[in-house]
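Below are the chains, spelled out letter by letter.
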Amino acid sequence: MFSNRYIFIYATVLVIVSAAILTLASVGLKPYQDKNIRVEKMQQLLSAVGIESTPKDAEELFQKYFVEQHAVNDKGEIVASIVNGKQTTGSISPFSLDTKKQLALYKANDASASLPIYICMKDGKKSYVVPVMGNGLWGPIWGNLAFSEDLNTIVGVNFDHKGETPGLGAEIALPDFQNQFKGKQIFENNNFTSVMVIKRADKANPHQVDAVSGGTITSNGVTDMLKNCLQFYIPYFNSLKK
Amino acid sequence: MAGFNFKLIKNPLSKENPITVQVLGICSALAVTAKLQPAFVMALSVTVVVALSNVIISLLRNTIPPRIRIIVQLVVVSLLVILVDQVLKAFVYDVSKQLSVFVGLIITNCIVMGRLEAFAMSNKPLDSFLDGIGNGLGYAIILITLGVVRELFGSGSLWGYQIIPDSFYEMGYQNNSLMIMPPMALILVGIIIWVHRARNKDLCEK
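Chains as they are written, first to last, in numbering that gives the first Met the number 0: chain A, 0 to 241; chain B, 0 to 205.
Hints are computed from structural coordinates only; laboratory data are not their basis.
Treat the hints with care, as some may be off.
[To be verified] Derived DEER-like restraints, expressed as beta-carbon distance ranges:
id: 1; chain 1: A; residue 1: 139; chain 2: B; residue 2: 65; range: 52 to 58 Å
id: 2; chain 1: B; residue 1: 109; chain 2: A; residue 2: 34; range: 32 to 38 Å
id: 3; chain 1: B; residue 1: 157; chain 2: A; residue 2: 7; range: 49 to 55 Å
[What the hints assert, rightly or not] With the Cβ distance kept under 10 Å, some of the chain B side facing chain A (calculated, not the full set):
id: 4; residue: 64
id: 5; residue: 65
id: 6; residue: 88
id: 7; residue: 93
id: 8; residue: 97
id: 9; residue: 101
id: 10; residue: 144
Using N, Cα and C, we set each Cβ at its ideal position, and we do this for glycine too.
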C-alpha cells in the first residue's frame, strides 16, 4: 500500500515536473506564436483596404502599403508615429497597442488612452485605417475600417469574431455583409452619425446597412462597436480636416 | 514474448475501432471534419497524445498510487495536450484557429482516458505505445474518411485545393451545404457503422 506521505510527495513532484515542462515549452514557442498573431493582425488590416495576402507575404505587403502608423489620443493629438518604418514621434509602437486595453482606459476617462491609426498608400490613393472592437452575442467582435481621404467615406471593412453563431451572427465575417459598408459615410454635415446596422435598412441612406437576419444582437454589437470606437477618433479626424 | 505485437495496432483499426465500435470521441469527429486539413491535424494530435500518454502512464504504472490514479492520468494527458496546442499555435496557426477548443478537449476525449485505464495501467511501455498508435490510427481513419467525403461534396475541394472542375458547376452541379453541417457528420458516422457491422456479423449485438 502507498502511504499518504507517498501520495502527497508523488502528486507534488508530478505537478512540479509538468509545470516546468510547460513553462519551457511556452517560453520557447512564444516568439513563433507572437509572430503568427502579428501576421494575422497585418492580414486583417490589409484586407480592410482590399489587399489579398497570405501569411507568407503579409509582412512585406504591410510594410509596402502602410506607410505611416500613428497613435492618437482622444483629444486628437498624435502621441507616437512611425513613418516609413522609422519612429518620428514618441516611443511606443502604434501597431503593438492593445485595442481592448486602450478602449477600457478611454471608457474610464483616462487621458493616457491612445489608439492606432494606419495610413495606407495604394495606387496613389491615401486611406486611413482604424481598428474597432466590441461585443457580439457570445464574445468579442473586432475589425478594421478603412476611410478614404475625406475621412468620411468607408472604402472597406473587415470584421471578425471569437465565437458568434455560425450561419447567423458569424455572417458579419463574410464578404456579403462587409461589402455593404463600402461607400457609407460616418458624418452628416460634419456631425458624427456613425453607421447603423439595422433591419430593413434603406440602401440609399449613407448611414445604414442591412442587419444579419437572425443575428440581431451581433448586428447591434457592430453598431455599438462602430459608434463607441469611431467616437474616439473624431477629434483627430476633425483636426486633420482643418 | 518480446517484440512487436501487431494485433495491438491492427485490432483498433477495425474490430475494436474506437469510433465505430466503441463509439467514443464522437464529439470531435463531428466538429472538426468539415475540411480534410483540420481533420488530419486533429487525428494526428490525438494519435500523438494517446501514444505518448500511454507510454508515460505505462512507465509510471507501478509507482502510481491507485487512489489518485485518475488525477495522475489527467495531469499527464493535460500536459501533452497543452504541449500539442502550443506547438500547433506556433507552427500551423490557421489550423489551430479552426480546431479552436477541440484541441483542449482532447483532454476529455474518452479514447485517451479509456486506453490509459484499460490498457496502459496494466501493460508494458512498448505494448502500450502500440496500443496508443493503433487506437489513434483507428480514430484517424474515421476522421479522415469523414473529412474527405465532407470536404469533397460540401466544398468541392480536398485539402483546400479545388477538385470538382468549374465545368461541373457551369452544368448546374452544386455543393451540398448539408455536408459541412455537423448533423451530416453524424449521418455519415451512422452509415460507416452500418456498413462495418454488415460486413462483420460478430460485432452485432444479439
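Verification of the supplied hints:
| no. | hint | result |
| --- | --- | --- |
| 1 | A:139 <-> B:65: 52 to 58 Å | 44 Å, violated |
| 2 | B:109 <-> A:34: 32 to 38 Å | 36 Å, holds |
| 3 | B:157 <-> A:7: 49 to 55 Å | 53 Å, holds |
| 4 | 64 | 4 Å, holds |
| 5 | 65 | 8 Å, holds |
| 6 | 88 | 5 Å, holds |
| 7 | 93 | 7 Å, holds |
| 8 | 97 | 12 Å, violated |
| 9 | 101 | 13 Å, violated |
| 10 | 144 | 23 Å, violated |
Consistency note: the structure conflicts with the earlier hints numbered 1, 8, 9, 10.
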